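Given the structure of chain F, go ahead and fit chains L and Z onto it with the hints provided.
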Amino acid sequence: MKGLLKGLGVTFKAMTSKKITYAYPDVPLQMPDRFRGIQHFDPDKCIVCNACARVCPTECITLTGKPNPDPDKKGKVIDTYDINFEICILCDLCTEVCPTEAIVMTNNFELATYSRDDLYKDRDWLNGNNSLIRQDNISMLPKGGAKKDV
Amino acid sequence: MIRTEELLLNVGPQHPSTHGVFRIVVKLDGEVITEATPVMGYLHRGTEKLAESLNYTQIIPYTDRMDYVSAMTNNYVLVHAVEKMMNIEVPERAEFLRLIVMELQRVASHLVWWGTYLLDIGAMSPFLYAFRDREIIIDLFNEISGARLTYNYMRVGGVKWDAPSGWIDKVRDFIPYMRKRMDEYDRLVSGNEIFLARIKGVGQYDADTAIAYGLSGANLRCTGVDWDLRKTEPYSLYDRFEFDVPLGQKGDCYDRYLIRLQEIHESLRILEQAVAQFPSGGDTMGKVPRVIRPPAGEVYARIESPRGEIGCYIISKGKAEPYRLKFRRPSFVNLQILPKLLVGETMTNLITILGGVDIVVGEVDC
Amino acid sequence: MSEDNQPTNREKPLLEPDQEPKGPAQAVEGELEASTDNTADDRNNVGESAANEQMEVKQSEMQEVGVKPTDDKGDAPADNAQEKAAEAEVQPVERKGDAPADSAQEKAAEAEAQPAEHKGEAPTEAAADKPARKPLTEEERAARAKAAAEAKAARATAAEGGTVGDSAAEPAAATRPARAPRAPKEEEPEQPKVPSPKQPVLDRLVEQLRADIAPDAVEASIINETDGHMPTVTIKAEHWYQTAQWLRHNPEWACDYLRNLSGVDQESYLAVVYHLISLKTRMEVAVHVKTDREQPSIASVTPIWPTADWNERETYDLFGIAFPGHPNLRRIMMSDDWVGHPLRKDYEQLDSEV
Chain F
0 MKGLLKGLGV TFKAMTSKKI TYAYPDVPLQ MPDRFRGIQH FDPDKCIVCN ACARVCPTEC
60 ITLTGKPNPD PDKKGKVIDT YDINFEICIL CDLCTEVCPT EAIVMTNNFE LATYSRDDLY
120 KDRDWLNGNN SLIRQDNISM LPKGGAKKDV
Chain L
0 MIRTEELLLN VGPQHPSTHG VFRIVVKLDG EVITEATPVM GYLHRGTEKL AESLNYTQII
60 PYTDRMDYVS AMTNNYVLVH AVEKMMNIEV PERAEFLRLI VMELQRVASH LVWWGTYLLD
120 IGAMSPFLYA FRDREIIIDL FNEISGARLT YNYMRVGGVK WDAPSGWIDK VRDFIPYMRK
180 RMDEYDRLVS GNEIFLARIK GVGQYDADTA IAYGLSGANL RCTGVDWDLR KTEPYSLYDR
240 FEFDVPLGQK GDCYDRYLIR LQEIHESLRI LEQAVAQFPS GGDTMGKVPR VIRPPAGEVY
300 ARIESPRGEI GCYIISKGKA EPYRLKFRRP SFVNLQILPK LLVGETMTNL ITILGGVDIV
360 VGEVDC
Chain Z
0 MSEDNQPTNR EKPLLEPDQE PKGPAQAVEG ELEASTDNTA DDRNNVGESA ANEQMEVKQS
60 EMQEVGVKPT DDKGDAPADN AQEKAAEAEV QPVERKGDAP ADSAQEKAAE AEAQPAEHKG
120 EAPTEAAADK PARKPLTEEE RAARAKAAAE AKAARATAAE GGTVGDSAAE PAAATRPARA
180 PRAPKEEEPE QPKVPSPKQP VLDRLVEQLR ADIAPDAVEA SIINETDGHM PTVTIKAEHW
240 YQTAQWLRHN PEWACDYLRN LSGVDQESYL AVVYHLISLK TRMEVAVHVK TDREQPSIAS
300 VTPIWPTADW NERETYDLFG IAFPGHPNLR RIMMSDDWVG HPLRKDYEQL DSEV
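Chains as they are written, first to last, in numbering that gives the first Met the number 0: chain F, 0 to 149; chain L, 0 to 365; chain Z, 0 to 353.
Extracted from the complex, chain F is given alone in its bound form:
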């Protein structure tokens, strides 16, 4: 009997302690900066190197490029860029390899819709998804450059 009473004491004490429930979705959840949410794509920075499409473990990125419309400049410009969010696992490898930080992640994660077709996001939607962009992207840092903050 004694063990039961001791346990009950713990429970009663917890009744009076601070509540830890988040009031989501009424109150939006604040994610830390490094959170891997839905990607943001900046077409101007993309050089169509295809690194993101190749590294994607689930092959959810498809992209096409076209030659630069400006006749003086060389290289390609991105034409279409689609991410299939049915299979994107938000693993962040695409942002890790992008040499120009054209694709970065944001802290948004709400993507639930009623129809699967809506999960196939194109370039303009990804460009428009520009709130809460993550500051801490890894591509431009040389490997091995640690933040010696701690």
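Hints were generated in silico from the structure; no laboratory data involved. Heads up, some of the hints might be wrong.
Selected chain Z positions facing chain L (Cβ under 7 Å, derived; list incomplete) [claimed, not checked]: (1) Val193; (2) Ser195; (3) Ser261; (4) Asp308; (5) Pro341.
Okay, derived cross-link-like pairs now, DSSO-like style, lysine-lysine, Cα gap no bigger than 27 Å in a straight line [to be verified]: (6) Lys179/L / Lys1/F; (7) Lys279/Z / Lys83/L; (8) Lys339/L / Lys199/L; (9) Lys83/L / Lys197/Z.
Residues of chain Z placed beyond 10 Å of chain L at every Cβ, according to the derived structure [as the list claims (entries may be wrong)]: (10) Lys192; (11) Pro196; (12) Lys197; (13) Val200; (14) Glu206; (15) Arg209; (16) Gly339.
If you're wondering where the values come from, they're calculated on a predicted model, not measured in any experiment. Positions of the beta carbon are idealized from the N, C-alpha and C atoms, including for glycine.
Frame of chain F; chains L and Z shown alone:
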């Protein structure tokens, strides 16, 4: 004279207490089990086959999803195997970060186990308390790797990100908080008479059975066999830290319960020492060639995950993808003792024993 | 070259000849280049600095001249070259440490990548004086295409690398592409192979097995140095059960813990690999048992180590290897009415678009 027939009961794939999509077909005589057959494969996702067409960094997100409750150790076993094959040296700071997250992961995984085990047995509050404390750890992981469950944090040769500023202090503050909580859990559960009556003496086996069945982790140590890979085959920096390995004597569910709680204490001890010895500078990534192409050969790397010995057997033919990648999953091997243990037990003890083995079906099926 | 508005996926060429990606090379990206399946013709000059240290890659030298060995090219005619390269790569790494290993690795990668033609070229180095990229000439492309064709033909005949060029130093592992010692290339330093500390253990085991079981029981034996010098033996399938019993009950070996049992599909045969350890004496050994593809069958060790039960079921399910003596051999991961064995290399998926 009441005639009883044998009843075939499906502890079906959808069941809150089977810890995943897992099915046990039990033959019952009244309430006593005469035969139990586990059926698995509902969560088989073909990780090993997929791995043959992906290079090693791309496989890391897949390992997260095998044992999703303890993803850092899964990450580590893969990168450790590749580093062994290529003889890559990991810088000290990266190794410290890896060790800290692995031990935090061990605490988090044991908290999940504790909460869900008691929930299966019938107690509702410990589940909420355990998840409240696990939330702190998950937030720490969120800050360092960007995700709450599937971290994709380790890379061959180091870790992906360095700890953000203030992170180590948060870990340092977490340790005394967790110790206080552990006292609370002890008061809540460990003396509870109902709980003790349900758990003591249930699911007992001896050391020879455990070794013969290839059990590992707490399932092996509850019988008194002193086999913890962090001590017997030290990897990472575990040989620098002082910690004990809790052992049981009787080999029943109660011993497994006490061992896992004690392992949380030991993990906190390791964390304390690691945070105190944390290097103030250093790289997070070693010297890794741009293309990770291990030389032809094979390696079997094994580490101690919260569930037991997780192993990664890689056969490489010198390409960027593995030729054969096999994961030795502890839950899969530990589960083999279930049909043997369940014969003669009552239905209620089935859940107790199954919870005591601590399986994660993502790992059972791979 | 790439056409306009065509979906670029993994098979398409990656960069225009005159375009340079602007950021530092990343390890992941480097991996991608190695793992794409392009033929030699399609690839233009997306270089691969195979062994450059991460620390030294600067922004400007992201793309070095290197040749990306394709899967079908880099292999077989260069099976030799690759094995030697792997050998060169691993041995110096083991003995000397990082810095010389890089040059050996570079040389190895270089040799690996350019089997016949460009052997004498300067290895790619992280030096700033190397030109950013060198487009391949037509003759180089033709030569590479020819090498690719040769590679395909050679690979169809050869079992896998490792059977070629075994020297007599140790009974080479014909079973796996292990690092069988072979005649060193001219670039490699002439150093005798340092014998492993576990070699006497292995020799004693082989001797005992040959005496106690059968003279031909042990097909091959080698020390797997990458794996902590684990003694590795290959046992003939018909003697496996006896050997397993011997390993279990022998007072010195007493391997009571079967750690891992996995099936392997080497293209010309199937094999099962067992990792055993003794918890008391800490002796460990890895055993390979080969069997053929048509009617694969290996004696089940479930009576000896009950932990092999589900592992063997999994191997049966995914590879098709039968284990006579197993109490309950049926499928475990796939559903009971599944046809085919998924982990085999020649397995065809039912729905290949997925």
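Hints the structure fails to honour: Violated hints: 1, 2; rest satisfied.
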